Structure formats: C-alpha cells, structure tokens
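Peer 1: Same order as they appear, the protein sequences are chains A and B.
Counting from 541, one number per residue, gives the positions in the first sequence under the numbering used here.
Counting from 541, one number per residue, gives the positions in the second sequence under the numbering used here.
Warning: the hint list may mix true and false statements.
The list treats identical chains as interchangeable, and a pair is accepted whether it falls inside one copy or across any two copies.
[Stated by the list, open to error] Calculated cross-link-like contacts (lysine to any residue; reagent style SDA-like; alpha-carbon spacing at most 20 Å):
id, residue 1, residue 2
1, LYS545, SER562
2, LYS542, ALA590
3, LYS545, GLU570
4, LYS542, GLU581
5, LYS542, ARG592
6, LYS542, MET602
7, LYS545, ALA590
8, LYS542, TYR606
9, LYS542, TYR589
10, LYS593, GLU558
11, LYS545, GLU598
12, LYS545, GLU601
13, LYS593, MET577
14, LYS542, LEU575
15, LYS542, SER584
16, LYS593, SER562
17, LYS593, PRO544
In short, the hints are calculated from the structure, not lab data.
Computed from a predicted structure; not experimentally measured.
Protein chains: 2
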Amino acid sequence: MKLPKAAVERIIRNAGAERVSSEAVEDLKEAIEELGMEIAEDASEMADYANRKTIEREDIEMAVTY
Amino acid sequence: MKLPKAAVERIIRNAGAERVSSEAVEDLKEAIEELGMEIAEDASEMADYANRKTIEREDIEMAVTY
Chain A
541 MKLPKAAVER IIRNAGAERV SSEAVEDLKE AIEELGMEIA EDASEMADYA NRKTIEREDI
601 EMAVTY
Chain B
541 MKLPKAAVER IIRNAGAERV SSEAVEDLKE AIEELGMEIA EDASEMADYA NRKTIEREDI
601 EMAVTY
C-alpha cells in the first residue's frame with residue numbers, strides 16, 4: 541500500500557462518478573501507483589544522467605515528457 | 541490537494557531515489573493526479589457506455605487499456 545484508497549476515491553469522485561465499486565478504486569490505485577513508479581524510475585535515471593544525487597523538478601518533467 | 545505528499549514521496553523513494561527535492565515530489569504528485577483523473581474520466585464514460593451508474597473494475601481496466 542502506497543497511496544491511501546480514500547485519496548484515490550476522491551479522484552474518481554471528482555471525475556463525476558455517482559457510484560464506484562471498491563475493486564475499481566483498488567484497480568485505479570494500482571494503475572496510478574504503477575504509472576507513478578515508472579515516472580519516478582525514469583526521473584531517477586534523468587538525475588543520474590545529469591550527475592546529480594537529488595531528483596529535482598526538472599527530472600520529473602523530463603520523465604513525464606520523454 | 542488530493543494525494544498526500546508523503547505517499548507520493550514513498551513512491552519516489554521506492555524507485556531508488558537517494559534525495560528528492562520537495563518540488564519534485566509536488567510535480568510527481570500533480571502528474572499522477574492528472575493521469576488518475578484522466579483514467580477516472582475515461583472509466584466514467586465506459587460505465588455510461590455500458591449503461592451502469594457504478595464504475596466497476598472493468599471500467600478502470602478498459603480506461604487503462606484504451
């Protein structure tokens with residue numbers, strides 16, 4: 541568990557959902573955790589590439605764009 | 541604020557980051573909230589399309605796939 545289910549449920553509710561099954565919340569949570577991890581891993585590689593030990597905002601931006 | 545910053549920071553730490561700037565956490569948080577909202581909106585359309593008022597797991601799966 542990385543993201544709290546309640547926070548993910550808020551995202552679905554904001555998208556205009558009338559009702560949402562618990563499994564759907566769980567699945568969305570997994571999907572965005574996975575996307576988040578992919579971006580984070582790419583950002584980490586970008587920081588390495590730039591010879592930094594700290595992941596900066598620009599690494600996230602590069603990771604999202606490329 | 542939808543996702544807690546601490547949870548997003550855990551995702552970056554798990555990706556092997558030694559140090560992460562606060563702005564990078566904020567940017568990743570925004571990026572995955574946005575991706576989450578896009579998936580949620582698509583899932584909501586999938587549920588409509590299937591004549592359901594409840595977003596189910598299969599709607600998230602369809603939204604992630606298509």
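Peer 1: Indicate, hint by hint, whether the structure satisfies it.
Peer 2: So, going through the hints one by one against the coordinates:
no., hint, result
1, LYS545 to SER562, "within (9 Å within a copy, 23 Å between copies)"
2, LYS542 to ALA590, "neither (28 Å within a copy, 31 Å between copies)"
3, LYS545 to GLU570, "both (10 Å within a copy, 17 Å between copies)"
4, LYS542 to GLU581, "within (16 Å within a copy, 22 Å between copies)"
5, LYS542 to ARG592, "neither (26 Å within a copy, 30 Å between copies)"
6, LYS542 to MET602, "neither (23 Å within a copy, 23 Å between copies)"
7, LYS545 to ALA590, "neither (35 Å within a copy, 25 Å between copies)"
8, LYS542 to TYR606, "neither (25 Å within a copy, 25 Å between copies)"
9, LYS542 to TYR589, "neither (27 Å within a copy, 31 Å between copies)"
10, LYS593 to GLU558, "between (44 Å within a copy, 6 Å between copies)"
11, LYS545 to GLU598, "between (29 Å within a copy, 18 Å between copies)"
12, LYS545 to GLU601, "between (26 Å within a copy, 17 Å between copies)"
13, LYS593 to MET577, "within (18 Å within a copy, 31 Å between copies)"
14, LYS542 to LEU575, "both (13 Å within a copy, 16 Å between copies)"
15, LYS542 to SER584, "within (18 Å within a copy, 24 Å between copies)"
16, LYS593 to SER562, "between (39 Å within a copy, 14 Å between copies)"
17, LYS593 to PRO544, "neither (28 Å within a copy, 24 Å between copies)"
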